[in-house]
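Undergrad: Sequence:
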Amino acid sequence: MASLPDGTCCTAALQPRPQGTPTFRVGLFVGVLIATAGVLSHSPLFPEFLALAAQQTNKCTTSGVRTKCSCEIEQTGDANPLGATLSEDTNEFEIYCKPNFQYAPAQLTGSIACPAGTQKLTDCKGDVKPPLCLDVKTLLYDETKALQWTEGKEGEPSKNTKVLSIPKDNFPFVDGQFLVGCSDDSSTTKCKVAVTVAARATETKDQQVTCSYGKDSNKKHQTITLSPSQNSFTLVCGEKGEIVQTNYKKTYCDVSEENAAVKDCHGKYRDILPGYEEGWWTDGEEKSFTFTIPEDKFPKVGAKMMVQCQKVVEEKPQEKELQVPAPAPPQDSVCSVDVTIETGGSPSSASASFVFKLINFVLLAFSGVLSMSPHFRGL
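The opening residue of the sequence shown carries number 1 in the UniProt record's numbering; numbering runs sequentially from there.
A hint or two may mislead.
[As the list claims (entries may be wrong)] Listed below are the simulated DSS-like cross-link pairs for lysine-lysine, each with C-alpha atoms no more than 25 Å apart in a straight line: (1) Lys153 / Lys59; (2) Lys304 / Lys249; (3) Lys205 / Lys287; (4) Lys145 / Lys68; (5) Lys98 / Lys168; (6) Lys190 / Lys125; (7) Lys205 / Lys59; (8) Lys287 / Lys250; (9) Lys125 / Lys137; (10) Lys219 / Lys300; (11) Lys300 / Lys263; (12) Lys168 / Lys120; (13) Lys287 / Lys268; (14) Lys68 / Lys162; (15) Lys162 / Lys125; (16) Lys263 / Lys219; (17) Lys268 / Lys304; (18) Lys219 / Lys268; (19) Lys205 / Lys304; (20) Lys300 / Lys249; (21) Lys205 / Lys190; (22) Lys220 / Lys190; (23) Lys190 / Lys215; (24) Lys304 / Lys250; (25) Lys220 / Lys162.
These are calculated hints, taken from the structure and not from any lab test.
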(Lines of atoms letter the chains of each structure in order from A; the text may use other names.)
(Lines give C-alpha, C1' and ligand atoms only; values in the text may rest on other atoms or scores of the structure.)
Protein backbone atom coordinates (compact mmCIF):
# COMPACT_ATOMS: atom_id res chain seq x y z
CA MET A 1 0.00 0.00 0.00
CA ALA A 2 1.31 3.49 -0.87
CA SER A 3 2.01 5.70 2.10
CA LEU A 4 1.45 9.43 2.41
CA PRO A 5 4.44 11.72 2.61
CA ASP A 6 5.70 12.26 6.08
CA GLY A 7 3.65 14.82 8.07
CA THR A 8 0.83 15.06 5.57
CA CYS A 9 -1.94 13.86 7.83
CA CYS A 10 -0.75 15.91 10.74
CA THR A 11 -0.52 19.02 8.61
CA ALA A 12 -4.08 18.55 7.34
CA ALA A 13 -5.38 18.02 10.83
CA LEU A 14 -3.77 21.22 12.03
CA GLN A 15 -5.27 23.36 9.18
CA PRO A 16 -7.47 26.14 10.78
CA ARG A 17 -11.20 26.13 9.74
CA PRO A 18 -12.21 29.21 7.80
CA GLN A 19 -14.28 31.68 9.79
CA GLY A 20 -17.17 33.86 8.63
CA THR A 21 -18.80 31.35 6.30
CA PRO A 22 -22.18 32.34 4.73
CA THR A 23 -24.06 30.01 7.06
CA PHE A 24 -22.43 31.54 10.08
CA ARG A 25 -23.16 35.11 8.94
CA VAL A 26 -26.85 34.38 8.20
CA GLY A 27 -27.29 32.76 11.58
CA LEU A 28 -25.67 35.72 13.28
CA PHE A 29 -27.94 38.18 11.40
CA VAL A 30 -31.11 36.26 12.32
CA GLY A 31 -30.00 36.13 15.92
CA VAL A 32 -29.49 39.88 16.02
CA LEU A 33 -32.96 40.46 14.50
CA ILE A 34 -34.62 38.22 17.07
CA ALA A 35 -32.78 39.90 19.91
CA THR A 36 -33.69 43.38 18.62
CA ALA A 37 -37.36 42.45 18.22
CA GLY A 38 -37.40 41.08 21.74
CA VAL A 39 -35.96 44.28 23.16
CA LEU A 40 -38.34 46.53 21.16
CA SER A 41 -41.40 44.51 22.06
CA HIS A 42 -40.77 45.19 25.75
CA SER A 43 -40.11 48.88 25.19
CA PRO A 44 -42.87 51.33 26.24
CA LEU A 45 -42.30 53.14 22.91
CA PHE A 46 -43.02 50.05 20.79
CA PRO A 47 -46.82 50.63 20.49
CA GLU A 48 -46.19 54.25 19.48
CA PHE A 49 -43.66 53.07 16.90
CA LEU A 50 -46.20 50.69 15.37
CA ALA A 51 -48.91 53.37 15.38
CA LEU A 52 -46.60 55.84 13.65
CA ALA A 53 -45.65 53.27 11.03
CA ALA A 54 -49.32 52.53 10.38
CA GLN A 55 -50.11 56.23 9.96
CA GLN A 56 -47.34 56.88 7.47
CA THR A 57 -49.23 55.38 4.56
CA ASN A 58 -51.51 56.60 1.81
CA LYS A 59 -54.88 54.90 2.03
CA CYS A 60 -58.63 55.27 1.52
CA THR A 61 -61.23 53.91 3.93
CA THR A 62 -65.04 54.04 3.91
CA SER A 63 -67.22 54.44 6.98
CA GLY A 64 -70.95 55.02 6.64
CA VAL A 65 -71.62 57.45 3.80
CA ARG A 66 -68.08 58.90 3.75
CA THR A 67 -64.88 57.76 2.07
CA LYS A 68 -61.70 59.34 3.47
CA CYS A 69 -58.34 59.30 1.72
CA SER A 70 -55.14 60.23 3.59
CA CYS A 71 -51.91 61.33 1.91
CA GLU A 72 -49.13 60.89 4.47
CA ILE A 73 -46.13 60.09 2.28
CA GLU A 74 -44.93 60.97 -1.20
CA GLN A 75 -45.96 58.64 -3.99
CA THR A 76 -43.33 57.51 -6.45
CA GLY A 77 -43.67 58.78 -10.00
CA ASP A 78 -45.01 55.52 -11.39
CA ALA A 79 -47.30 54.69 -8.48
CA ASN A 80 -51.00 54.28 -9.22
CA PRO A 81 -53.28 56.91 -7.66
CA LEU A 82 -55.38 56.03 -4.66
CA GLY A 83 -58.95 55.11 -5.61
CA ALA A 84 -62.28 56.25 -4.17
CA THR A 85 -65.90 56.01 -5.30
CA LEU A 86 -68.81 58.38 -4.69
CA SER A 87 -72.25 56.79 -5.04
CA GLU A 88 -75.84 57.19 -3.87
CA ASP A 89 -74.95 55.14 -0.77
CA THR A 90 -71.54 56.75 -0.10
CA ASN A 91 -71.97 60.32 -1.27
CA GLU A 92 -69.28 62.09 0.80
CA PHE A 93 -65.55 62.26 -0.04
CA GLU A 94 -62.84 63.56 2.32
CA ILE A 95 -59.13 64.04 1.60
CA TYR A 96 -56.32 64.75 4.07
CA CYS A 97 -52.92 66.17 3.12
CA LYS A 98 -50.21 66.15 5.79
CA PRO A 99 -49.15 69.63 7.07
CA ASN A 100 -46.25 70.24 4.65
CA PHE A 101 -48.44 69.30 1.67
CA GLN A 102 -50.97 71.55 -0.08
CA TYR A 103 -54.33 70.57 -1.55
CA ALA A 104 -54.31 70.31 -5.32
CA PRO A 105 -55.47 71.60 -7.64
CA ALA A 106 -55.75 75.23 -6.49
CA GLN A 107 -56.23 74.42 -2.78
CA LEU A 108 -59.51 72.66 -3.69
CA THR A 109 -61.71 75.74 -3.79
CA GLY A 110 -65.17 75.93 -5.32
CA SER A 111 -65.89 72.67 -7.14
CA ILE A 112 -62.56 72.39 -8.92
CA ALA A 113 -60.70 69.17 -9.77
CA CYS A 114 -58.50 67.76 -12.53
CA PRO A 115 -59.58 65.48 -15.38
CA ALA A 116 -58.73 61.80 -15.08
CA GLY A 117 -55.29 61.16 -16.55
CA THR A 118 -53.70 64.42 -15.42
CA GLN A 119 -50.07 63.96 -14.37
CA LYS A 120 -49.35 67.31 -12.70
CA LEU A 121 -52.26 68.48 -10.58
CA THR A 122 -50.65 71.90 -10.19
CA ASP A 123 -51.01 72.64 -13.91
CA CYS A 124 -54.60 73.57 -13.04
CA LYS A 125 -54.30 77.09 -11.65
CA GLY A 126 -57.90 77.68 -10.61
CA ASP A 127 -59.75 78.09 -13.89
CA VAL A 128 -62.33 75.30 -14.09
CA LYS A 129 -62.16 75.11 -17.88
CA PRO A 130 -60.75 71.96 -19.52
CA PRO A 131 -58.38 70.47 -20.45
CA LEU A 132 -56.21 71.23 -17.42
CA CYS A 133 -59.07 71.74 -14.97
CA LEU A 134 -62.51 70.24 -14.42
CA ASP A 135 -65.65 71.48 -12.69
CA VAL A 136 -67.08 68.51 -10.78
CA LYS A 137 -70.58 69.91 -11.38
CA THR A 138 -70.28 69.05 -15.06
CA LEU A 139 -70.21 65.36 -14.14
CA LEU A 140 -73.56 65.54 -12.34
CA TYR A 141 -77.23 65.57 -13.25
CA ASP A 142 -78.99 68.92 -12.87
CA GLU A 143 -75.86 70.79 -11.80
CA THR A 144 -76.22 72.03 -8.23
CA LYS A 145 -74.91 75.50 -7.39
CA ALA A 146 -74.39 74.46 -3.77
CA LEU A 147 -71.69 71.92 -4.61
CA GLN A 148 -68.26 73.00 -3.33
CA TRP A 149 -65.29 71.83 -1.32
CA THR A 150 -65.64 72.58 2.40
CA GLU A 151 -63.30 72.45 5.39
CA GLY A 152 -63.55 69.26 7.41
CA LYS A 153 -62.10 70.23 10.78
CA GLU A 154 -60.89 67.57 13.19
CA GLY A 155 -59.95 69.76 16.17
CA GLU A 156 -56.33 70.55 15.22
CA PRO A 157 -55.42 72.94 12.38
CA SER A 158 -52.84 70.41 11.16
CA LYS A 159 -55.60 67.84 10.80
CA ASN A 160 -57.94 69.96 8.67
CA THR A 161 -59.31 68.16 5.63
CA LYS A 162 -61.29 68.94 2.49
CA VAL A 163 -64.77 67.47 2.02
CA LEU A 164 -67.04 67.17 -1.02
CA SER A 165 -70.67 66.04 -0.56
CA ILE A 166 -72.87 65.26 -3.58
CA PRO A 167 -76.67 65.40 -3.06
CA LYS A 168 -78.22 62.05 -3.92
CA ASP A 169 -80.61 63.62 -6.44
CA ASN A 170 -77.65 64.95 -8.44
CA PHE A 171 -75.93 61.66 -9.19
CA PRO A 172 -75.53 61.23 -12.94
CA PHE A 173 -76.82 58.62 -15.38
CA VAL A 174 -73.27 57.69 -16.46
CA ASP A 175 -70.10 57.12 -14.46
CA GLY A 176 -67.66 60.03 -14.23
CA GLN A 177 -64.12 60.52 -12.92
CA PHE A 178 -61.96 63.30 -11.52
CA LEU A 179 -58.53 63.62 -9.91
CA VAL A 180 -57.40 65.50 -6.78
CA GLY A 181 -54.46 65.20 -4.39
CA CYS A 182 -51.59 66.96 -2.68
CA SER A 183 -48.51 68.92 -3.78
CA ASP A 184 -45.53 70.61 -2.14
CA ASP A 185 -44.48 74.26 -2.15
CA SER A 186 -42.58 73.77 -5.39
CA SER A 187 -45.76 72.67 -7.20
CA THR A 188 -44.66 69.05 -7.40
CA THR A 189 -47.49 66.52 -7.19
CA LYS A 190 -46.93 64.29 -4.16
CA CYS A 191 -50.13 62.25 -3.93
CA LYS A 192 -53.10 61.65 -6.24
CA VAL A 193 -56.60 60.25 -5.67
CA ALA A 194 -58.71 59.09 -8.61
CA VAL A 195 -62.38 59.55 -7.68
CA THR A 196 -65.19 57.78 -9.56
CA VAL A 197 -68.65 59.35 -9.44
CA ALA A 198 -70.86 56.29 -9.84
CA ALA A 199 -74.05 56.63 -11.86
CA ARG A 200 -77.40 56.16 -10.17
CA ALA A 201 -79.31 52.90 -10.56
CA THR A 202 -81.90 52.44 -13.31
CA GLU A 203 -85.36 53.10 -11.84
CA THR A 204 -88.87 51.85 -12.59
CA LYS A 205 -91.74 53.97 -11.30
CA ASP A 206 -95.39 54.24 -12.38
CA GLN A 207 -94.96 52.29 -15.64
CA GLN A 208 -91.89 54.36 -16.57
CA VAL A 209 -88.32 53.05 -16.77
CA THR A 210 -85.58 55.70 -16.50
CA CYS A 211 -82.28 54.22 -17.65
CA SER A 212 -78.77 54.76 -16.28
CA TYR A 213 -75.57 53.35 -17.70
CA GLY A 214 -72.99 53.09 -14.91
CA LYS A 215 -71.02 49.92 -14.24
CA ASP A 216 -73.41 49.02 -11.41
CA SER A 217 -76.59 50.70 -12.70
CA ASN A 218 -78.14 47.59 -14.25
CA LYS A 219 -77.52 44.58 -12.05
CA LYS A 220 -80.85 43.13 -13.16
CA HIS A 221 -83.48 43.58 -15.88
CA GLN A 222 -86.37 45.93 -15.19
CA THR A 223 -89.87 44.43 -15.48
CA ILE A 224 -93.08 45.95 -16.82
CA THR A 225 -96.52 44.32 -17.09
CA LEU A 226 -99.12 45.52 -19.59
CA SER A 227 -102.81 44.70 -19.13
CA PRO A 228 -106.12 46.21 -20.28
CA SER A 229 -106.16 48.30 -17.08
CA GLN A 230 -102.47 49.37 -17.44
CA ASN A 231 -101.98 49.35 -21.17
CA SER A 232 -98.98 51.66 -21.58
CA PHE A 233 -95.35 52.09 -20.47
CA THR A 234 -92.55 54.56 -21.21
CA LEU A 235 -88.86 53.83 -21.73
CA VAL A 236 -86.59 56.85 -21.08
CA CYS A 237 -83.13 56.48 -22.60
CA GLY A 238 -82.26 60.06 -21.66
CA GLU A 239 -79.75 62.57 -22.99
CA LYS A 240 -76.83 60.19 -22.44
CA GLY A 241 -78.52 57.15 -23.98
CA GLU A 242 -80.09 55.72 -27.10
CA ILE A 243 -82.42 52.83 -27.87
CA VAL A 244 -80.54 49.66 -28.83
CA GLN A 245 -83.16 48.21 -31.20
CA THR A 246 -83.29 50.93 -33.86
CA ASN A 247 -85.97 48.94 -35.74
CA TYR A 248 -88.12 48.68 -32.60
CA LYS A 249 -91.35 49.72 -34.38
CA LYS A 250 -91.13 46.89 -36.90
CA THR A 251 -89.68 43.95 -34.93
CA TYR A 252 -89.41 42.96 -31.28
CA CYS A 253 -86.74 41.14 -29.25
CA ASP A 254 -87.26 37.98 -27.24
CA VAL A 255 -86.37 38.25 -23.55
CA SER A 256 -82.69 37.51 -22.91
CA GLU A 257 -81.19 36.53 -19.56
CA GLU A 258 -77.93 38.28 -20.40
CA ASN A 259 -77.16 41.95 -19.77
CA ALA A 260 -75.57 42.53 -23.16
CA ALA A 261 -77.10 44.64 -25.92
CA VAL A 262 -79.17 42.65 -28.43
CA LYS A 263 -79.28 44.55 -31.72
CA ASP A 264 -80.55 41.94 -34.16
CA CYS A 265 -84.20 41.18 -33.37
CA HIS A 266 -86.52 39.42 -35.78
CA GLY A 267 -89.76 38.88 -33.87
CA LYS A 268 -92.88 39.90 -35.79
CA TYR A 269 -95.29 41.91 -33.67
CA ARG A 270 -98.38 40.44 -35.32
CA ASP A 271 -97.30 36.98 -34.13
CA ILE A 272 -97.91 38.07 -30.53
CA LEU A 273 -100.22 41.07 -31.08
CA PRO A 274 -102.54 40.33 -34.04
CA GLY A 275 -103.84 43.90 -34.21
CA TYR A 276 -100.42 45.57 -33.96
CA GLU A 277 -99.77 48.91 -35.63
CA GLU A 278 -96.54 50.94 -35.61
CA GLY A 279 -98.53 53.87 -34.23
CA TRP A 280 -98.66 52.09 -30.87
CA TRP A 281 -95.10 53.41 -30.39
CA THR A 282 -94.72 57.17 -29.87
CA ASP A 283 -91.55 59.19 -29.32
CA GLY A 284 -91.21 61.82 -26.60
CA GLU A 285 -88.71 64.20 -25.02
CA GLU A 286 -85.38 63.08 -23.54
CA LYS A 287 -85.26 60.18 -25.98
CA SER A 288 -88.31 58.53 -24.47
CA PHE A 289 -90.42 55.87 -26.16
CA THR A 290 -93.99 55.04 -25.14
CA PHE A 291 -95.73 51.81 -26.08
CA THR A 292 -99.54 51.66 -25.80
CA ILE A 293 -101.80 48.71 -26.56
CA PRO A 294 -105.47 49.65 -27.11
CA GLU A 295 -107.63 48.05 -24.43
CA ASP A 296 -109.51 45.95 -26.97
CA LYS A 297 -106.36 44.76 -28.77
CA PHE A 298 -104.79 42.58 -26.10
CA PRO A 299 -104.02 39.06 -27.34
CA LYS A 300 -105.75 35.83 -26.40
CA VAL A 301 -102.36 34.37 -25.44
CA GLY A 302 -99.90 36.17 -23.18
CA ALA A 303 -96.53 37.21 -24.58
CA LYS A 304 -93.17 38.73 -23.63
CA MET A 305 -90.70 41.02 -25.34
CA MET A 306 -87.61 43.06 -24.46
CA VAL A 307 -86.42 46.58 -25.23
CA GLN A 308 -83.08 48.12 -24.30
CA CYS A 309 -81.21 51.40 -24.00
CA GLN A 310 -77.45 51.90 -24.01
CA LYS A 311 -75.05 54.78 -23.49
CA VAL A 312 -74.31 56.90 -26.53
CA VAL A 313 -70.75 56.29 -27.71
CA GLU A 314 -68.87 59.57 -27.32
CA GLU A 315 -65.73 60.67 -29.09
CA LYS A 316 -62.60 60.17 -27.01
CA PRO A 317 -60.85 63.37 -25.82
CA GLN A 318 -57.62 64.27 -27.53
CA GLU A 319 -55.00 62.66 -25.33
CA LYS A 320 -52.34 65.15 -26.48
CA GLU A 321 -54.05 67.74 -24.28
CA LEU A 322 -53.31 65.59 -21.22
CA GLN A 323 -49.90 64.70 -19.85
CA VAL A 324 -50.67 60.99 -19.82
CA PRO A 325 -53.46 58.91 -21.38
CA ALA A 326 -56.60 58.88 -19.25
CA PRO A 327 -57.24 55.58 -17.44
CA ALA A 328 -59.95 53.38 -18.82
CA PRO A 329 -63.33 54.47 -17.39
CA PRO A 330 -65.60 51.94 -15.67
CA GLN A 331 -67.41 49.68 -18.09
CA ASP A 332 -70.88 50.88 -19.09
CA SER A 333 -73.93 48.66 -18.66
CA VAL A 334 -77.05 48.10 -20.76
CA CYS A 335 -80.54 49.00 -19.51
CA SER A 336 -82.87 46.07 -20.30
CA VAL A 337 -86.65 46.01 -19.84
CA ASP A 338 -88.64 42.77 -19.91
CA VAL A 339 -92.26 43.48 -20.91
CA THR A 340 -95.00 40.98 -20.03
CA ILE A 341 -98.21 41.36 -22.08
CA GLU A 342 -101.24 39.87 -20.39
CA THR A 343 -104.27 38.50 -22.21
CA GLY A 344 -107.43 40.43 -22.86
CA GLY A 345 -110.89 39.29 -21.71
CA SER A 346 -112.26 36.13 -23.33
CA PRO A 347 -114.97 36.54 -26.00
CA SER A 348 -117.56 34.80 -23.82
CA SER A 349 -116.94 37.05 -20.86
CA ALA A 350 -116.97 40.11 -23.11
CA SER A 351 -120.29 39.03 -24.61
CA ALA A 352 -121.78 38.39 -21.18
CA SER A 353 -120.66 41.81 -20.02
CA PHE A 354 -122.21 43.42 -23.09
CA VAL A 355 -125.52 41.59 -22.60
CA PHE A 356 -125.62 42.56 -18.92
CA LYS A 357 -125.04 46.22 -19.76
CA LEU A 358 -127.68 46.08 -22.49
CA ILE A 359 -130.29 44.62 -20.10
CA ASN A 360 -129.56 47.34 -17.55
CA PHE A 361 -129.95 50.00 -20.21
CA VAL A 362 -133.28 48.59 -21.39
CA LEU A 363 -134.61 48.36 -17.83
CA LEU A 364 -133.62 51.93 -17.06
CA ALA A 365 -135.19 53.17 -20.28
CA PHE A 366 -138.40 51.22 -19.61
CA SER A 367 -138.57 52.60 -16.07
CA GLY A 368 -138.23 56.10 -17.43
CA VAL A 369 -141.09 55.58 -19.89
CA LEU A 370 -143.36 54.18 -17.20
CA SER A 371 -142.62 57.05 -14.85
CA MET A 372 -143.78 59.53 -17.51
CA SER A 373 -147.03 57.65 -18.19
CA PRO A 374 -150.19 59.21 -16.54
CA HIS A 375 -151.53 55.72 -15.96
CA PHE A 376 -148.31 54.81 -14.07
CA ARG A 377 -148.47 57.99 -11.96
CA GLY A 378 -152.08 57.23 -11.07
CA LEU A 379 -151.21 53.85 -9.62
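Undergrad: Decide, hint by hint, whether the structure agrees.
TA: Right, here's what the structure says about each hint:
no., hint, verdict
1, Lys153 / Lys59, "19 Å, holds"
2, Lys304 / Lys249, "15 Å, holds"
3, Lys205 / Lys287, "17 Å, holds"
4, Lys145 / Lys68, "24 Å, holds"
5, Lys98 / Lys168, "30 Å, violated"
6, Lys190 / Lys125, "17 Å, holds"
7, Lys205 / Lys59, "39 Å, violated"
8, Lys287 / Lys250, "18 Å, holds"
9, Lys125 / Lys137, "18 Å, holds"
10, Lys219 / Lys300, "33 Å, violated"
11, Lys300 / Lys263, "28 Å, violated"
12, Lys168 / Lys120, "31 Å, violated"
13, Lys287 / Lys268, "24 Å, holds"
14, Lys68 / Lys162, "10 Å, holds"
15, Lys162 / Lys125, "18 Å, holds"
16, Lys263 / Lys219, "20 Å, holds"
17, Lys268 / Lys304, "12 Å, holds"
18, Lys219 / Lys268, "29 Å, violated"
19, Lys205 / Lys304, "20 Å, holds"
20, Lys300 / Lys249, "22 Å, holds"
21, Lys205 / Lys190, "47 Å, violated"
22, Lys220 / Lys190, "41 Å, violated"
23, Lys190 / Lys215, "30 Å, violated"
24, Lys304 / Lys250, "16 Å, holds"
25, Lys220 / Lys162, "36 Å, violated"
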